[in-house]
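Q: Given chain A, put chains B and C in place with the hints provided.
Chains as they are written, first to last, in the working numbering: chain A, 1 to 325; chain B, 1001 to 1278; chain C, 2001 to 2326.
Mixed in with the good hints there might be a few duds.
Derived, one-sided and incomplete: chain A residues facing chain C with beta-carbon distance under 8 Å [what the hints assert, rightly or not]:
id, residue
1, G159
2, D187
3, V190
4, Q191
5, E254
6, F261
7, I272
Label pairs and their in silico Cβ distance ranges [said to hold, decoys possible]:
id, chain 1, residue 1, chain 2, residue 2, range
8, C, A2132, B, T1002, 20 to 30 Å
9, A, A241, B, L1194, 49 to 59 Å
10, B, A1016, C, S2016, 44 to 54 Å
11, B, T1002, A, P283, 23 to 33 Å
Hints listed in this document are in silico derivations from the structure and should not be mistaken for laboratory results. A virtual CB, placed ideally from N, CA and C, is assigned to each residue, including glycine.
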Amino acid sequence: MSALLQVEGLSVRFPTTRGDVAALEDFSFEMREGETVALVGESGSGKSTAALALSRLIPESTGRVISGRVMFEGRDLLALPVHDLREVRGRRIGMIFQDPMMALNPVFTIGWQLAEPLRQHFGLSQRAARDRAVELLGQVAIPAPEQRIDQYPHNLSGGMRQRVMIAMALACRPSLLIADEPTTALDVTVQAQVLSLIKTLKDELGTAVLLITHDLAVVWEIAQRVIVMYAGRKVEEGTAADVFDDPQHPYARELLRAAAFASGGDGRLPEIPGTVPSPFDMPPGCRFAPRCASAREICRAVLPPLKSSAPGHAAACVLVGSAVP
Amino acid sequence: MTALVAFWRKYRRNRAAVAGLAMLVVVLLAAIFGPLVYPTDPFDMVGRPSSPPSARFVLGTDVSGRDMLAGLLHGARVSLMIGILASLGATLFGLIVGAIAGYYGRAVDTILMRCTDFFLTIPSFILAIVIIAIFRPSVATVTLAIAAVSWPQVARLARAEFIAHRDREYVLACRALGMSDFEIITRQILPNALPSLLVVSSLLVATSILTESGLSFLGLSDPNVISWGYMVGVGRTVLRVAWWMPAIPGIAILLTVLCINLVGEGLNEALNPRLQRR
Amino acid sequence: MTEPILAARGLRKSFSIGSGWFAAPDQLHALNDVSFDLYPGETLAVVGESGCGKSTLARCLAGLTDLTAGSFAVAGADGRAFIRDDALRFHRAMQIVFQDPYASLNPRRTVRRSIADALRLHRMCKREEERARVTDLLLQVGLSADYLDRYPHELSGGQRQRVCIARALAVEPKILVCDEPVSALDVSIQAQIINLLKDIQRRRGIAYVFISHNLALVRQISDRIAVMYLGEIVEIGAAAAMQRTFLHPYSRALFAATPVIGSRQEDRMRVPLTGDVPSPLHPPSGCHFRTRCPFATARCSEEKPALREVSGRLVRCHFAEAMSAG
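For reference, chain A alone in the conformation it holds in the complex:
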């Protein structure tokens, strides 16, 4: 199966008063049709930047993509003229965000907003678009869709708004859905519903999903492949089973231990000492070295390249493949 999405060497810089910040550096990965890939990281990891940069959603005044290619269905999104890019966005790539109010316009009914991409991309009539919108609302398990369709976003609860946003993103049956922290702002029980919904829909429609999140447990729920990011770079990549069962990169290992909230014998939770390096003060060499218990001299001097430990499982660490300390 050919790759649906191929990102090569993507780098993004944000100019600030104190100089340029490299939010994302040399980021590459691939996705196949129907695959679910998760980009995991904490603040400053560059995961959100990557998601936004993919579809050129970072405004010119805020950040610049300084290098790289984003091959989507055979075309470089970064080089596309704006008119063609608009065709792709919404029609071939759908996006959902953490805050549904970012995507929903408070002064239009949800029916109108759902129907808009259908009219635009498919040229459906008012009537046909409205019917399809009701159908979509039903697909995302919103009760009584014929009534809801004429309501405004503020009439809906947070969970329902999120579902409407999912419906909007999937309205044109895109081949790729980018979900940027889709459940972070939701209550746990609502999160469970939304995750279940995303799983069902992606299976039904065969949509590939790129999930951006900091929540490893959510990744475990729905992702097939995982990419772990730290301080703007990819540090580990592999199937969910590989990365969760046998993490190769020390950061991934520590992150998994911390995320499990499993206290050790002394009642203390496993912690990672220190903090993420400031983008103005990036250490040369491996960015995790200052916090890494297994750091060597070479780690502080040279950026480690990605090394495979098994087919499809690689980590950017010099210790990959050697005996686990």
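A: Relative to the frame of chain A, chains B and C by itself:
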């Protein structure tokens, strides 16, 4: 000290604001030192009336033969003094009203804001005239009148700032420590509200100068002092034969107000952390 | 038998929403008959989702919001009277740490002055000793004296939260209410702050009311857990007992819905909880949870269940015994 340095670095990124500041400094120096260096009394008739700018009278004389340059320099003092004092008065009063209304909310807020609205519904210039008419026109009453019509906008801004901050967690933390309302308002929230207030206050200086000019143009200001507005008023009748007479003080007003506005904008950009500039 | 350091009885808080000239304002019932005990040196976790009233509870306990009804005793002294008559002493005994470290510090005050504010207000030390005291507090929360003259915007989220904790500790409280203290922080930092809080508790014997929405987290660090739904406690008991199983249908649903590495949702719960939390403006009659409860019967809508003891904990459900059996 480092805060000041950091502030200046941000401020100087706006070239127009720096130019404005430079001009304002010139105006201030002229106002402070001008009449000392050039002691001619602006009311003295020292030359032939309506004479154009010449070697003897750099800016010419007005219809009564008074030295225009002297008028300009003395007028600068008056305009700036009234402008700054009125702005200060309006800011102080507006801040107190807005802070109390914003912080306490509910009934206090409603009462104070209705009073503020009352002042806002009456055209400020007319209200100023009424106030001056009640008392004798003098520098003091003019300043008071201008302050009295300018404070509502400060009150609104201060109220908005205090409303925004009173529910922030740091204020809640102070309340949870048992801090008194007075201390929270003055030592905790006020420093955060100050930047916006400073900007409005500086812009108020400009509008006060304009208002004062308008009042003295109409002859309603203190008759014992020369101000720019008065000079414009006097020179208005001879605009077509001696254009410099209204034009020179008019340009002075224009330039001063312009540079105050530029400085105000520069302050806004430098002090407001949320504004991002490329 | 030690005396509880905090004893809450029947706490009730309602907010009036919207007042027209002709219509009576709606009542938002944020807290409804909340009672619990907190013992010295222990951690009571309060867990729930949005609208359950946990934040309102935090603010009422810290003296920031007045209660509509009910009372709570701090070290034996009636809380509400305490706040009224001797506010400073009350606030010395009861401190709070908030969720958002970015908003919890005055952006225009240095770390030193923010903490010194607390010391000065309660006259904890002499002026000359202030700097040393603040430095000592910073060390206790894992920060060095370098941070004294920094401003909040120069600190990371985790560092700010440490400063907030230092400020709360400055007055030597007996009880610390932690309102989602780590929810806004990265996972790797969460553990640091929690471990810090546990260390401080061990050293100083402070009792914590730890509010969170993360059930997986609180099970690890609390002695007792209270689960709240729509303003009421639906289950409360020792964490060790609740480790094995929860009895209230909502607690079970909450636990099953929490994603856990190593297990899939479909295995933990056959059907995810449907519907949304009802509005606190018009809570359902009888048991508040009945509209979403898979086991609801007619009795649930007619008769409001009381908190009763079942299997070593208190549960607010008519069918708690059946839950513990099956």
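Q: Indicate, hint by hint, whether the structure satisfies it.
A: For each hint, the structure was consulted:
1. The beta carbon of A/G159 comes within 6 Å of a beta carbon in chain C, closer than 8 Å, and the hint placing it at the interface holds.
2. Below 8 Å, beta-carbon pairs count as interface contacts, and A/D187 has one with chain C at about 4 Å; its hint therefore holds.
3. Here the hint on A/V190 is kept, as its CB sits about 7 Å from the closest CB of chain C, short of 8 Å.
4. Nearest Cβ of chain C to the Cβ of A/Q191: about 7 Å, under the 8 Å cut. The hint holds.
5. Interface hint status for A/E254: upheld, as the beta-carbon distance to the closest one in chain C is roughly 7 Å, under 8 Å.
6. Because the smallest distance between the Cβ of A/F261 and any Cβ of chain C comes to about 5 Å, under 8 Å, the interface hint for this residue holds.
7. Here the hint on A/I272 is kept, as its CB sits about 4 Å from the closest CB of chain C, short of 8 Å.
8. A beta carbon spacing of about 24 Å between C/A2132 and B/T1002 agrees with the range 20 to 30 Å that was offered as a hint.
9. Separated by about 57 Å at the C-beta atoms, A/A241 and B/L1194 satisfy the suggested range of 49 to 59 Å.
10. For the hinted restraint 44 to 54 Å between B/A1016 and C/S2016, the CB-CB distance of approximately 50 Å keeps it satisfied.
11. Distance hint check for B/T1002 and A/P283: the Cβ-Cβ separation is about 27 Å, which falls inside the suggested range of 23 to 33 Å.
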